[in-house]
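A.B. asks: Sequence:
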Amino acid sequence: MELVLNCLNVTAIGLLSLILLSLFLYNPFKFVQGKEAPTVAGAWPILGHLPLLSASQSPHRIFGALADKYGPIFSIKLGVKKALVINNWEVAKECFTTNDVVVSSRPRLVAVELMGYDHALLVFAPYGPYWRQLRKIITSEILSSRRVEQLQHVFVSEVQTSIKELYNVWCSKKNESGYASVDLKQWFSHLTFNIVLRMVIGKRYFSATTVDDEKAQRCVKAVKEFMRLLGVFTVGDAIPYLRWFDFGGHEKAMKETAKELDENLGEWLEEHRQNRALEENVDGVKDFMDVMISLFDGKTIDGIDADTIIKSTVLAVIGGATDTTSTTLTWAICLILKNPPILKKVEEEFDIQVGKERCISEFDINKLIYFQAIVKETLRLYSPAPLSAPHEFTEDCTLSGYNVKKGTRLIMNLWKIHTDLNIWIDPLEFKPERFLTTHKDIDMRGHNFELLPFGCGRRICPGISFALQVIHLTLASVLHSFEILNPSTEPIDMTETFGITNTKTTPLDILIKPPKMEFLLNCLNLNLNTITITFISLILCLFLYRFSKSSRTREAPLVEGSWPILGHLKLLNGSQTPHKTLGALADKYGPLFTIKLGVKPALVLSNWEMAKELFTKNDIAVSSRPKLVATEVMSYNQAFVGLAPYGPYWRELRKIVTVEFLSNRRIDQLSHIRVSEIQTSIKELFNVCCNKKNESNYTLVDMTQWLAHLTFNMVVRMVVGKRYFGVIHVEGQDKAQRFMKNIREFMRLMGTFTVADGIPCLRWLDLGGYEKAMKATANEIDKLLSEWLDEHRQNQKVERERDFMDVMISTINGAQIEGFDADTICKATTLELILGGTDTTAVTLTWAISLLLQNPLVLEKAKEEIDMQIGKDGLISESDISKLVYLHAIVKETLRLYPPAPLSSPREFTENCILGDYYVKKGTRLIPNLWKIHRDPSVWSDPLKFKPERFLNTHKNIDVKGQNYELLPFGSGRRICAGMSLGLYMVHFTLANFLQSFDILSPTAAPIDMAEIFQFTNTKATTLEIL
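12 is the number that my numbering gives to position 9 of the sequence shown; each next residue is one higher, with no gaps.
Calculated from the structure, these hints are not laboratory results.
Any given hint could turn out to be false.
[What the hints assert, rightly or not] Simulated restraints, written as ranges between beta carbons of each label pair:
hint: 1; residue 1: 770; residue 2: 922; range: 28 to 36 angstroms
hint: 2; residue 1: 740; residue 2: 821; range: 35 to 43 angstroms
hint: 3; residue 1: 142; residue 2: 206; range: 21 to 29 angstroms
hint: 4; residue 1: 178; residue 2: 83; range: 34 to 42 angstroms
hint: 5; residue 1: 738; residue 2: 798; range: 13 to 21 angstroms
hint: 6; residue 1: 977; residue 2: 778; range: 28 to 36 angstroms
hint: 7; residue 1: 243; residue 2: 366; range: 24 to 32 angstroms
The beta carbon of each residue, even a glycine, is placed where N, CA and C say it ideally should be.
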């Protein structure tokens, strides 16, 4: 019986076990009845596939080989943990679009727990409230484009300094053939460490003199050990219950490294807090740690205290930015050396786009298309993290038809995706050209799943922009500054060491030689004068800073590349016109940015919304003019109403000018002069045509000169009652030619920014002789103005038609306004009316005719409108102009594309104010870039094209009178051009009569030359000769 009972117990137990096993294997309540991804064969008990990954080959290559066997998606066992490996871009796309939230978390790893402040590191934090809040703060405050731009000078400075130090190494180590051997891998490591450390904590650890600094070496060693240990998959990660064994001693090493790093981070944090308390942020620019202290101090996020957040974030930025950047740079040089034709091709691109006479700058990178393709191809073949960072599924889901259970880890094999034969031709070969042809539309920012070096989805690397800027500038600077050679006939060793990043195993020893000694010396500015000036400038900046802390509000980004003392004057002296140079900078720095004109800060405004805010909320604060040498010397010490500082004098004179001289009533009273002058000039031009016509009845005419003479006659007759050009009532053409020559010189010099305007203390030097030329021009013009004034005073009792000067004499009548005597006011206002009425009008008409000749269909349509509304026989009167709707649109479109003053007239803030969330200090100059505002693609479709029709449909309600901030050719606010109505009358009436009276053609088949010369007005560089 006992035997039977024992047998029955065994049988019952066996049956029960079989039932339980069956229920386990076949669970009717499973979430889906679909299949799971294939599991790689050969898993060991307990260890799973860990032995497979301990082979000599890198894990991403092992997984790539397994993908060829098991397909684009398969699973492996990491100890007792299941992991899904993705090797295909289409599966990656499905994963990070359809299932992105599900796969946005990170697994808990021993390394991150011990060295990452228990998963407080942003990159390894689990998906949840803490990660979301910290990510938002870091992307908007720490790694935003604005913040990176503010600190751009740091990495530009570090790259330039490191290139200088590399040059010094070459000088001391060069051999007989002129080459020196350097370990570029170490050089890149030190450079990136300096860049990141300076931006994050304001320190620089490596230089030519401190390369053996013990503290620096310890810090770098700790960061490298941190990165190595992060890539270690411990037994505790795979088999948690065996963690206490600590096989290999990895956990012990992690704790030691964590302690070393925490000591450094704690020291930096304490130092920053002390400096903050003492207000010793001497350069006025906050580094990342300063920003984090101000954001987090005393706060907690999801239970994590401020110190932990700050230290973990600093560590994440340093670890993430140093190793990945130096690794990419190292692989890039290796690949270039392995492919000499590519090296030659990129050198040729540098020669064309940059030249050999100067150093490369960050502004050149956008032009280096082939070079950018090299960086893309490097990141394709050697992604810094070829298996990306591990993800973990937080819910059951379906991927590519396979069931994936919650808790499964995800491994993205970027290396396999980037070398997929279905996407990339010759995928293992280094071919940058592919990104200029077949793959030119593929970028690296997570939108094209065929190329994901920075990851994708919610967990994409937040430092992409910063990393690419550093990689591009550093690599370009090395290739542009030195010839590089492989020191051996053997191929470059491309052996990889797999950690959290995929580094080159051996040092990168190469030979370098500057291509041209004088070029590099010029680039590096290695002369005593520059060093002395820089030192004095730094001392001056430190002194001025003590008196400049009126607010803690952030200021508009400062353009990089400012020279000591000169500021950005060198930048504005290029071959390109200033408004185009500043427009290109707006594309990089945004609608508001700051430049230094010598020691004077200037705010450049390039957006209509900012203009609206400025000229509505802050108009009084920005209604003054800066005191410039040209306005002092040539405009009677700023007696011009357009250039006078905002104050009682300006208000009184502006009132007199607008009411007495430029009112609609006064303009109507003198309309007969405009009509007479245009009709007379048209007749004179007709006579020229009759005398000089060719066989086809066309005559070659210099329109630039004709328009200049016409507008001069028109304005001078209205202002002083004289006509100087033509065959009727000529006062003396020699005198007129001299005066016009002085007027042109006046406009040229008014557009000149002298060194004294930027650095007043150097005015006595008169560099370039500009002040001497200004005085000579002012003297010549004053003689003629005085002559006219005396003549008008003598003729006061003579019965004749009263012109503007007569009105001024009777209105001011010997009185003074704020210390300016009557003669000075009369002469200054007369000169200003002549200048404003002649040059700007002639310039606008020249551009209008040039644009019409470039666009024959528009010209034809304009002539058809004139024929329809007025006819071919009758003369056009000023009252007819309102009927010529298309002509009005042509003038508007001309003023949009070619405003007479594309940078408007300079203004100066007379009080501190806020503009677009930026703090603007009193004394800052304002440069409104009308050219950029008028070509804003968000406002104007096809902004660079001449399309008058836009003002008949989409923009029909926009006028040019300062109320629509998208179009401001005459300015806006209190300082809007007082002569706007007169100017528009003259332009419309002249253009309409000219188009009615003549058929016009370009004399050549070549396009009209639209080159500009920037002066006080933006004139056409060459004469406009037409038939």
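A.B. asks: Lying within 28 to 36 angstroms: is that true of the beta-carbon distance residue 770 to residue 922?
C.D. replies: holds, 33 angstroms
A.B. asks: For residue 243 and residue 366, compare the CB-CB distance with the range 24 to 32 angstroms and indicate the outcome.
C.D. replies: violated, 53 angstroms
A.B. asks: May I ask you to test the hint 28 to 36 angstroms on the CB atoms belonging to residue 977 and residue 778?
C.D. replies: The hinted range 28 to 36 angstroms holds for residue 977 and residue 778, with Cβ atoms some 31 angstroms apart.
A.B. asks: Can you let me know if the beta-carbon spacing of residue 178 and residue 83 is within 34 to 42 angstroms?
C.D. replies: violated, 58 angstroms
A.B. asks: Between residue 738 and residue 798, is the Cβ distance one that fits in 13 to 21 angstroms?
C.D. replies: holds, 18 angstroms
A.B. asks: Looking only at beta-carbon atoms, does the pair residue 142, residue 206 fall within the given range of 21 to 29 angstroms?
C.D. replies: holds, 24 angstroms
A.B. asks: Honestly, do residue 740 and residue 821 meet the 35 to 43 angstroms range at C-beta?
C.D. replies: Since the Cβ atoms of residue 740 and residue 821 sit about 36 angstroms apart, the hinted range of 35 to 43 angstroms holds.
Checked against the numbered hints listed earlier, the structure breaks hints 4, 7; every other hint is satisfied.
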